[in-house]
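Undergrad: Each chain, written out:
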Amino acid sequence: MVRAALTPTRRIGQAPWRYAAYVPAVTVVLAALLSALPIISTSGWYPDFGYLVFIGWRLLRADPWPAWWAAPLGFVNDLFTGYPLGFSVALWSATMLALDLIDRRTMWRDYRTEWVLAGVLIAIDEWMQWRIAKLVDGAPPLAQMAPPLVISICVFPLFAWIISRIDAWRLGR
Amino acid sequence: MATARPGWSRRAQYGLFFSFIAVIAGIIVGLILLTLSLVAPEQFQRVRGAALDVTSPITGGLHEVTATVEGLFTGAGDYWNAANQNAELKRERQAMLRRMVEARAIFQENRQLKAVLNLREHERNTIAIGRVVGSSFNSPRRFAILSAGTSDGVRVGMPVRSPDGLIGRIIDAGALASRVLLVSDRANIVPARLLRNGIPVIAQGRGDGTIDVRPLEVGRNPFKRGDIIITSGTGGLYPPLVPIGRVVKLDDDGAVALPLADPANISFAIVEPAFEPAAVAAETSAPAEAR
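Protein sequences appear in the order of chains A and B. Note that the first sequence covers residues 0 to 172 in numbering that gives the first Met the number 0. Note that the second sequence covers residues 0 to 290 in numbering that gives the first Met the number 0.
Everything labelled a hint here was simulated from the structure, so no lab data went into it.
Simulated restraints on C-beta separations:
#	chain 1	residue 1	chain 2	residue 2	range
1	B	Ala81	A	Lys133	45 to 51 Å
2	B	Arg154	A	Ala122	35 to 41 Å
3	B	Ala174	A	Arg130	30 to 36 Å
4	B	Glu108	A	Ala122	57 to 63 Å
5	B	Tyr13	A	Gly118	33 to 39 Å
6	B	Lys248	A	Pro15	56 to 62 Å
7	B	Gly234	A	Arg103	51 to 57 Å
8	B	Ser150	A	Met106	56 to 62 Å
9	A	Leu59	B	Gly225	52 to 58 Å
10	B	Ile128	A	Pro65	45 to 51 Å
11	B	Glu41	A	Met106	49 to 55 Å
12	B	Lys223	A	Val25	52 to 58 Å
Quick list of in silico lysine-lysine cross-link-like pairs, DSBU-like style, CA-CA up to 35 Å:
#	chain 1	residue 1	chain 2	residue 2
13	B	Lys223	A	Lys133
14	B	Lys223	B	Lys113
15	B	Lys223	B	Lys248
16	B	Lys248	B	Lys89
17	A	Lys133	B	Lys248
On a predicted model such as this, the values are computed, not experimentally measured, just so you know. We put the beta carbon where it would ideally sit given N, CA and C, even for glycine.
Only chain A is shown next, with the shape it has when bound in the complex:
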């Protein structure tokens, strides 16, 4: 028994994938590309996939990508989703900064606090989208933003789980 527990479970030749450092950024771009799916909806209740994956990675690891990558990644998201250019650039960079400041303060984290944190970030994202739409008189009543917000918060754990699986795969675990 003891002998079995002591034998290393890691097999020889198991190591992080060669391009492991780029996997998080690539998944964010792929998530942004989900906007190209031929879904024709007149309600706009789908989540902002790019942002969900972005904060999913950032909450899982402190350094999934160099901090300044947030800006180009946000730019890609803006291009594919049709948000006004610069919206995700600013929001995603600000998210990196905010989460770093939060990381300095918090002593420990658990699953629930991460979900709450993600919920707050998603709410900020949705509210900003609404605010920007209001600037050009294109905003629906604020109450209409509730369903997409609730849906986004509810699907976040699913995205977080997928990201943790991808993370384990890229690191060869």
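Chain A is fixed; fit chain B onto it per the hints.
TA: Showing chain B alone in chain A's frame:
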């Protein structure tokens, strides 16, 4: 970025400091871009068009797949109650035939009257025909992606319609695909009138797939359930007499209408030239362009 102080290494401290600077620069660049794209959206026309072209093969290809699958299911559903449907269609056809004869007579009379008045007849020509292949399903705005672009002659500002009714107007155009501001978007305001009695109204999207219609003159609510709203041609962008929506609900001083051309169900969309290009050019030079 790492957390807290990375130890006594000067190099690590500088690295942390510069990454903070880089993020703040990212925020500033983003805000500048955002301001530019809100104030002068035409600046980014080319970039946005290129992005549309990148995604258009994916969107178009997948659309074919989903359309086929959907067709199989609705096809099977149609067989399920074929007898009922058949009877109903026959009844409808009889009614339609009668209306068509009436319409033909009116059409002829109309042509004669117009000839008498020497009214200028507008050529209704089609610029391009495309499919609605995608939409802004994760945004409070209501956009659709159309599978026709500048290579087909599509330009920003052109109205888009389907045989059923008005869809919207082009706001971004790539070479292969373009983005349409739907009539159900809050920023899309269409001068319209009631088909029943010609009362001028304003149609504005509500952002949830429906349209808000208000009479131009304040007073009695002129709407009834089932009323058809058509474009009036005022403003020169949208051609007149294109159906927009059907009134489904009345409220205090207006009504809520459903678009007759449901972007999810139309088989193809027609891009037409702006109705009065001169009038539109004068209007779009004003800064109040919806974006």
